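Heads up: the protein sequence lines correspond to chains A and B, in order.
Add 2 to the 1-based position in the first sequence for the working numbering, that's all there is to it.
Add 1307 to the 1-based position in the second sequence for the working numbering, that's all there is to it.
Just so you know, these hints were derived from the structure itself, not from any lab.
The model shown is predicted, which means the values in this text are computed figures rather than measured ones.
Positions of the beta carbon are idealized from the N, C-alpha and C atoms, including for glycine.
One or more of the hints may lead you astray.
[Unchecked claim] Sample of chain A residues facing chain B (criterion: CB under 10 angstroms; computed from the structure):
id, residue
1, L9
2, D22
3, F60
4, M61
5, G62
6, P86
7, T91
8, L97
9, V102
[Said to hold, decoys possible] The calculated DSS-like cross-link candidates involving lysine-lysine, where the alpha carbons are at most 25 angstroms apart (straight line), are:
id, chain 1, residue 1, chain 2, residue 2
10, B, K1408, A, K73
11, B, K1418, B, K1339
12, B, K1418, B, K1337
13, A, K5, B, K1319
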Amino acid sequence: MEKIPILKMGDFLLVTVQVDLYDRLALGLESDLVNMIRKYSSRGVLIDISAVNIVDSFMGRILGNIAQMSKILDAHTVVVGMQPAVAITLIELGLPMTGVHTALNVEKGMAMLRDKLFLTEETPNDSDNN
Amino acid sequence: MITINSETINIKTEQDAVFLRNRVSEYANKIKMGLVNQTKLLTAASELVRNMLRYAGGGKVLCEVISQSVLQTGIRLTFIDNGPGIPNIADAMKDGFSTGKSLGIGLPGAKRLVNEFQIKSQEGEGTSVTILKWKNG
Chain A
3 MEKIPILKMG DFLLVTVQVD LYDRLALGLE SDLVNMIRKY SSRGVLIDIS
53 AVNIVDSFMG RILGNIAQMS KILDAHTVVV GMQPAVAITL IELGLPMTGV
103 HTALNVEKGM AMLRDKLFLT EETPNDSDNN
Chain B
1308 MITINSETIN IKTEQDAVFL RNRVSEYANK IKMGLVNQTK LLTAASELVR
1358 NMLRYAGGGK VLCEVISQSV LQTGIRLTFI DNGPGIPNIA DAMKDGFSTG
1408 KSLGIGLPGA KRLVNEFQIK SQEGEGTSVT ILKWKNG
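Kindly produce the complete structure, drawing on both the sequences and the hints.
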């Protein structure tokens, strides 16, 4: 069965989606990620969707689910590299990407995850700067 | 309005949905549809194919390249299934309405993404949804 690879890098997990997403693939990614967060006690997840041409309501919901599930497991999720046409389409479709942190590219996404990790470890109150 | 090209694609599995997306994308490139319009069309198609697979177990999609004038060309997709049909179309077109466990934005969202949208359904016989996206629409 086709799978999206997940790379472990220190405290973070990296996912680069390089193929056309379909429902079962997205669901597989969701459960694989949650299991890997648990296995490696990861503190952050970065999902690069720069090669993804279509995000419809189902895949958008999966991204939201991943963000919420990882939050419960004490990890932050950042989705990076969304194509402008995808962003336009998502908003017209009416998909609320609430609770999903986004960044323009992988570098900014990694910086965001490091900031969040630093902030949550330094200060007891949960500060959010997106 | 004339049809320049037409093709029927059978949908039985999720992989067929990926094939449909690629095919529609090829047609869209051929008529030089812009990236944003193309993404909207493909996303709408993706929503409708999912409905077809989930509620009717599959069906077929008629893909047509149509032309209204020399300048205005577009792509029309007709999704036909023999599923249970939709008892109340007005409800199904409402944002947030779903008989499944989804967000309920598939149908109304797809309508927002295209230029023309038609839905016909007969309970017990099936559903047919037609969407049209103009190249410069």
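Violations among the numbered hints, reported as their numbers in ascending order: Of the numbered hints given earlier, those the structure breaks are 1 and 9, listed in rising order.
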